[in-house]
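Chemist: Let chain G serve as the given structure and place chain V on it in line with the hints.
If you're matching them up, the sequences are chains G and V in order.
Just so we're aligned, residue 1 is where the first sequence starts under this note's numbering, counting upward by one.
Just so we're aligned, residue 1 is where the second sequence starts under this note's numbering, counting upward by one.
By construction, these hints were calculated from the structure, which means they are not laboratory data.
Glycine included, C-beta positions come from ideal geometry on N, C-alpha and C.
You may find that some hints are simply not true.
Said to hold, decoys possible - For the chain G half of the interface with chain V, some residues (derived, Cβ under 10 Å), not all of them:
1. Val-16
2. Val-24
3. Arg-108
4. Leu-110
5. Ala-162
One letter stands for each residue in the lines below.
Number of protein chains: 2
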Amino acid sequence: MEEPRSGCPINLAVEVLGDRWSLVIIRDMMFGNRRHFRDLLHHNQEGIASNILAARLQRLTDLGLVTRGPDPGHKQKVVYSLTEPAIQLVPIIAELGAWGLRHLPASRPLAVRARLLACGGRELWDEFMDELREQHLGSARPPGAEPVVARLRAAYEAELAAERAAS
Amino acid sequence: MEEPRSGCPINLAVEVLGDRWSLVIIRDMMFGNRRHFRDLLHHNQEGIASNILAARLQRLTDLGLVTRGPDPGHKQKVVYSLTEPAIQLVPIIAELGAWGLRHLPASRPLAVRARLLACGGRELWDEFMDELREQHLGSARPPGAEPVVARLRAAYEAELAAERAAS
Numbered sequence: 001m002e003e004p005r006s007g008c009p010i011n012l013a014v015e016v017l018g019d020r021w022s023l024v025i026i027r028d029m030m031f032g033n034r035r036h037f038r039d040l041l042h043h044n045q046e047g048i049a050s051n052i053l054a055a056r057l058q059r060l061t062d063l064g065l066v067t068r069g070p071d072p073g074h075k076q077k078v079v080y081s082l083t084e085p086a087i088q089l090v091p092i093i094a095e096l097g098a099w100g101l102r103h104l105p106a107s108r109p110l111a112v113r114a115r116l117l118a119c120g121g122r123e124l125w126d127e128f129m130d131e132l133r134e135q136h137l138g139s140a141r142p143p144g145a146e147p148v149v150a151r152l153r154a155a156y157e158a159e160l161a162a163e164r165a166a167s
Numbered sequence: 001m002e003e004p005r006s007g008c009p010i011n012l013a014v015e016v017l018g019d020r021w022s023l024v025i026i027r028d029m030m031f032g033n034r035r036h037f038r039d040l041l042h043h044n045q046e047g048i049a050s051n052i053l054a055a056r057l058q059r060l061t062d063l064g065l066v067t068r069g070p071d072p073g074h075k076q077k078v079v080y081s082l083t084e085p086a087i088q089l090v091p092i093i094a095e096l097g098a099w100g101l102r103h104l105p106a107s108r109p110l111a112v113r114a115r116l117l118a119c120g121g122r123e124l125w126d127e128f129m130d131e132l133r134e135q136h137l138g139s140a141r142p143p144g145a146e147p148v149v150a151r152l153r154a155a156y157e158a159e160l161a162a163e164r165a166a167s
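Just chain G, with the same shape it has in the complex (with noise of 0.2 Å):
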């Protein structure tokens, strides 16, 4: 990272995250499982423009919280994954989504994995974070309980029927 403001670990964090995409971007890998560039474009319900997402990851990526691999099955293809710093942010977008939940005017499918999430606490976000782990840093998940992303997934998609049914 560029000369920090301060040393501040708040201020810090925020030179590192405050902008109005990179932590959108990192919600999308960590929720969507997208580590393509395609998927991370097309399917960001936001809208994001593909040169602000190539100049977001190319960022995510000097700042050490993605990297860039080749993908296994297409060889021209580049996978993007998370690291051990990004994937402990999900505290950070648990509580956004919290937050975002009761202040602001979230649309009722989109809110339930947030709403979810938020109530699962700290045991969940653990549980989260190292599926995470399995899945970007290629590390073992005890195995058991079904994946929190999964279940969240599981949820949205009640939701969204429910809101179909009543419509």
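Modeler: For chain V alone, kept in the frame of chain G given last:
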């Protein structure tokens, strides 16, 4: 707020808070109890510029995170206060500090408050939010324990003194 990019609560929070200064100003109001423009300008350790501070305070006021009121002591002066939604940013700011502490080059005296806040967990954050409600919203705080802000300041000053003695 303007028409949001999406109704995802994480995105909504990023749209409101995702810039390089808003959370730093709120941090100064929370931890330093800085309530006047001059205090926020001159004591900001990141060297915020006057025009940026004015624009950010205006935006935070428009968003309902900060209110402007007359200073009972000085009729010409304006006092800025945090609103309830802004006070509820404490967990986000605590998590940002905890993350900055682990992953970025935080300076020792400035890190001690973030460390205490992170270690205190939700119980300490709730106590701190009650104090902020008393200071900013005029609500009564349960009597008893030494205020969190005083504990954080004492720990910071002890660290600063230790660092001076060592150099």
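Chemist: None of the hints should be skipped; say for each whether it holds.
Modeler: Going down the list of hints, with the structure as the test:
Against a cut-off of 10 Å between C-beta atoms, the interface hint on Val-16/G holds, since the closest Cβ of chain V lies about 7 Å away. With its C-beta approaching chain V no nearer than about 6 Å, Val-24/G sits inside the 10 Å limit, and its interface hint holds. Interface restraint check for Arg-108/G: the shortest CB-CB distance to chain V comes to about 8 Å, inside 10 Å, so the restraint holds. The restraint placing Leu-110/G at the interface with chain V holds, with a minimum CB-CB distance near 4 Å, inside the 10 Å limit.
Nearest Cβ of chain V to the Cβ of Ala-162/G: about 16 Å, over the 10 Å cut. The hint is violated.
In this structure, the one hint that does not hold is number 5.
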